[in-house]
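Trainee: The lines below spell out each chain.
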Amino acid sequence: MSTSTSQGVRLEAVSKTYGSETVVRDISLTIPQGEFFTLLGPSGSGKTTTLSMIAGFTLPDGGRIHIDGKDATRAPPRDRGLGMVFQNYAIFPHLDVFGNVAFPLNVRKVPKPEVAKRVAGALEMVKLTSFEKRFARELSGGQQQRVALARAIVGHPPVVLMDEPLGALDKNLRYHMQVEIKEISRRLGMTVIYVTHDQEEALTMSDRIAIMNRGSIAQIGPPREVYERPGSAFVARFLGEANLIAAKREGGALRGAGGAWFEVASDRPQAAGGQVFVRPEKVSILPEGGAPSANQIAGTVRHTAFLGNVVRYEVTLPDGQIVLCDATNASGTVLRQPGEAVRLGWQRADALLLEA
Amino acid sequence: MIGPTLRTAALQLLVVLLCTAMLAPIIIVVIASFSGDGYLKFPPDTLSLRWYVRFLGDPRWLASLWNSFLIAAMTCVLSTVLGFLAAYAMARGTFSIRKTITALLLMPLIVPHVVTAIALYFLSARFGLIGFKPWIAVAHSVVALPIVLVILQSALKVVDPNLERAAMIFGCTRMGVFRRVVLPLVLPGVVSAMLFSFLTSFDELVISLFLAGIRAETLPVRIWNSLLLEVEPTIAAVSSLLIAVTCAALLVEWGVRRARERTLATRN
Amino acid sequence: MPLRLAAKWALIAPALALLLLLFITPIGWFIWESLTELGSLEEVWLETQAVLGSRAILGAILNTNGIALTVTVMVLVIGYPLSYALSRARGLAFSLVLLCIVIPYFTSVIVRTYAWMVILGRNGLINQILLGLGFVSEPVDLLYNRTGVIIGMTYVLLPYMVLTLYAAMKAVDQRLLQAAEGMGAKPMAVFAKVFLPLTLHGVTAGSLIVFILALGFFITPALMGGPGDIMMAMLIEREIELSHNWPVAALMTIVLLGITLALYALYGRVSDKAEGGFAR
Chain A
1 MSTSTSQGVR
11 LEAVSKTYGS
21 ETVVRDISLT
31 IPQGEFFTLL
41 GPSGSGKTTT
51 LSMIAGFTLP
61 DGGRIHIDGK
71 DATRAPPRDR
81 GLGMVFQNYA
91 IFPHLDVFGN
101 VAFPLNVRKV
111 PKPEVAKRVA
121 GALEMVKLTS
131 FEKRFARELS
141 GGQQQRVALA
151 RAIVGHPPVV
161 LMDEPLGALD
171 KNLRYHMQVE
181 IKEISRRLGM
191 TVIYVTHDQE
201 EALTMSDRIA
211 IMNRGSIAQI
221 GPPREVYERP
231 GSAFVARFLG
241 EANLIAAKRE
251 GGALRGAGGA
261 WFEVASDRPQ
271 AAGGQVFVRP
281 EKVSILPEGG
291 APSANQIAGT
301 VRHTAFLGNV
311 VRYEVTLPDG
321 QIVLCDATNA
331 SGTVLRQPGE
341 AVRLGWQRAD
351 ALLLEA
Chain B
1 MIGPTLRTAA
11 LQLLVVLLCT
21 AMLAPIIIVV
31 IASFSGDGYL
41 KFPPDTLSLR
51 WYVRFLGDPR
61 WLASLWNSFL
71 IAAMTCVLST
81 VLGFLAAYAM
91 ARGTFSIRKT
101 ITALLLMPLI
111 VPHVVTAIAL
121 YFLSARFGLI
131 GFKPWIAVAH
141 SVVALPIVLV
151 ILQSALKVVD
161 PNLERAAMIF
171 GCTRMGVFRR
181 VVLPLVLPGV
191 VSAMLFSFLT
201 SFDELVISLF
211 LAGIRAETLP
221 VRIWNSLLLE
231 VEPTIAAVSS
241 LLIAVTCAAL
251 LVEWGVRRAR
261 ERTLATRN
Chain C
1 MPLRLAAKWA
11 LIAPALALLL
21 LLFITPIGWF
31 IWESLTELGS
41 LEEVWLETQA
51 VLGSRAILGA
61 ILNTNGIALT
71 VTVMVLVIGY
81 PLSYALSRAR
91 GLAFSLVLLC
101 IVIPYFTSVI
111 VRTYAWMVIL
121 GRNGLINQIL
131 LGLGFVSEPV
141 DLLYNRTGVI
151 IGMTYVLLPY
161 MVLTLYAAMK
171 AVDQRLLQAA
181 EGMGAKPMAV
191 FAKVFLPLTL
201 HGVTAGSLIV
211 FILALGFFIT
221 PALMGGPGDI
231 MMAMLIEREI
241 ELSHNWPVAA
251 LMTIVLLGIT
261 LALYALYGRV
271 SDKAEGGFAR
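Residue numbers (the numbering used here), protein chains in the order written: chain A, 1 to 356; chain B, 1 to 268; chain C, 1 to 280.
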């Protein structure tokens, strides 16, 4: 249970099938010690089953799981040396806060004075000192969340699993807890495997994100990379708003509707076409009268949404496709009205060619 | 608006009358048991404890009380243990034939006790088990099991599977999960199950009638045998004892449940 | 944490074994052995015809169904208003009404039967009141006849009905009644057009359960009935205890079990729709 010499978590071709349905398909991952790693995906993507197999609640049908350098594929949960925060907190209702946080230590027969010291330390870390005698029913959702967190870290496990731990909290508290969890994990140098379906949360907290889709990992990488360099339309869409503009290869160039042509970062000339990906915030409205060049399209404003710091335009292209453009609400910005004709443009470096 | 008021008053009167009628027989037996008269009469002319004295001074009555207690205690342990295991399996496992299993497990409540009793008698007579108390307890467990199951299944609904997962990840074995988490949470249900299975056996007559023989005559069997002869006041004293046991069991059950509700009640 | 295949069967096996070995098997074995005692299938068939054709047995079957039906109706008529009051009562009133139903419910059947024997006897409370008020000149026979059986069984079975109906009534959405009232329905109309139809499945389930239990009754009719009130369960007991006539007992058991299980299957269908439970 020490944090210094551990080696993180490694999954090798792990699979799980229920009946005729393969929920997890050949997943391989290496999570180094100290990393904040997020499994992100829609419900049914296999992220919860993957976490459940790492925890030992579900046995994989194939593949191996190594925790801290040891093969833990078939080890019972208690021998994996993990901490865990559950979606609904799973606070023991018959124990008070002290009893809950002390639980992992008491089960492992840690001497009483040591238990008291470590529980106090864990409670201090989650800012719940002086709550020892309360029961779960006397705590707010946020406080229960903190108890669950304290219980997960009190034994100094090298790896802590978190299953949508913030799902039940309101937005404000959520942000607060995101910062706190991240802070604690950094301070203790522990590996965190975090499951969520909230892309914003994943982007805020993670060192690396694995985006899961239908039992497989669609892409894996640091937040900025998966956001700006998605490998597929699925990843592009799942991580926020994405423009995916149809393009065809004609004479070596990628052509779109209304005479536009595109240039993208790392083009694959052998591809016959596909979708040009560009995030709305990378798209800008061009001033009147510039010379036509690559990555420019003409359209008509269909809808203008004033979001405060950003103005979002929905622009209809000649072929009916809709492109989103997020313009910063900088000083002196003139709002374009629906019906206005505009020209949009973006940098080549911000565009990618994805398979249709 | 005299109509609705009158109707409400009429309904209230009816309910009071019916409730009185429900409780009256039990109260009358208890009062009659304190009669000082030489034969059963209600209301009694004089009051005394003579029927209790006679009951407690009669070795046959005492022996049947002891038999009943012993058999009920064994039934209570056996049916609660078997019932708990089955209820836990039903709560945490998935069975494709769940409906069939449930129907089978509840069947002893539906099948007339006479049928169960005769079939068991048929079996027991061949193996010389008539009058063997542990065997009677096993037989009583057949009819106590469904009651235990119903109680424990609803008690187990309260235990979130994630609590068990949490206990396991924090170091518990299956037994540890049971001892540290499941048992403390379902304890009130287990207490109810034990009390009601005890009562079921303690009050059971038909199966005992066939299986008890002379060796293991239980209190209800002894009452039955006496009633076939005459309606004597000693039976009122014995009945009062059975009523007291029932009330005590209900009181304990109520107390345990209340205490638990207070501990576990959620804030909102 | 879900149980693995072996674990869940290992846990449920002892309970299933108990029921298979001490419930299903003995019943099957007793019926099988008793009937094969008669010899060939043809002989069994002849005996069956003889038994079912006999006056005493046919009488018992008719008696049983007649008594069970009467008791069910009585229990329903008394139980419906009582359950209604229970479903509407709050606080202390609720606790008191519940107490009046639960205490008898959990008291031994033989004690409850005995209590009514004390009340209905020739020197019992009822006769004393009737004589005292001068309504009758000599004691009325309330015991050891059909009246006694009906009163005793109604009392014993009433709690089953009340608890089943209560569950059904508690589930009725009060807003529906308010809506009906709001649309101008008179109280009787609200009851007849809304409340009664919504609790009808409870009535069906409660009546079925009471009827099923009444069919197999033994203690109360045996102690409170007269020579003309022999029910099937009593007949089975007598065939074995007195005449040691196992084949007849087995045939009677088949009839009783058949009716009971058929009605239980029906009950299963009804209560699938209505989650009304009973525990004892």
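If you are wondering where the hints come from, they were derived from the structure by calculation, not from laboratory data. There could be a bad hint or two in this list.
Claimed, not checked - What follows is a list of derived Cβ distance ranges for each label pair: (1) G132/C with W254/B: 31 to 41 Å; (2) V16/B with D141/C: 26 to 36 Å; (3) G132/C with K157/B: 29 to 39 Å; (4) Y39/B with A262/C: 40 to 50 Å; (5) G38/B with S54/C: 41 to 51 Å.
Said to hold, decoys possible - DSBU-like cross-link-like pairs, simulated, lysine-lysine; straight-line CA separation at most 35 Å: (6) K157/B with K170/C; (7) K171/A with K117/A; (8) K186/C with K99/B; (9) K127/A with K99/B; (10) K112/A with K99/B.
Just so you know, even glycine gets a beta-carbon here, dropped at the ideal spot from N, CA and C.
Trainee: Take the hints in turn and mark each one as holding or not.
Mentor: Hint by hint, here is what the structure shows:
1. In this structure the supplied range 31 to 41 Å holds for G132/C paired with W254/B, their Cβ-Cβ distance being about 39 Å.
2. In this structure the supplied range 26 to 36 Å holds for V16/B paired with D141/C, their Cβ-Cβ distance being about 29 Å.
3. Judged by the Cβ atoms, the range 29 to 39 Å given for G132/C and K157/B is violated: they are separated by roughly 54 Å.
4. The hinted range of 40 to 50 Å is satisfied by Y39/B and A262/C, whose Cβ atoms lie roughly 47 Å apart.
5. For the pair G38/B and S54/C, the supplied restraint of 41 to 51 Å holds, since their beta-carbon distance comes to about 45 Å.
6. Simply put, K157/B and K170/C have alpha-carbon atoms about 21 Å apart, close enough for the 35 Å limit, and the pair holds.
7. Taken as a hint, the K171/A and K117/A pair is honoured in the structure, with Cα atoms around 33 Å apart against an allowance of 35 Å.
8. Between K186/C and K99/B the alpha-carbon distance is near 43 Å, which puts this suggested pair outside the 35 Å criterion.
9. Between K127/A and K99/B the CA atoms are separated by roughly 49 Å; this puts the pair beyond 35 Å, and the hint is violated.
10. For the proposed pair K112/A and K99/B, the alpha carbon gap of about 48 Å is over 35 Å, so the pair is violated.
Hint check: violations occur at hints 3, 8, 9, 10; the rest are consistent with the structure.
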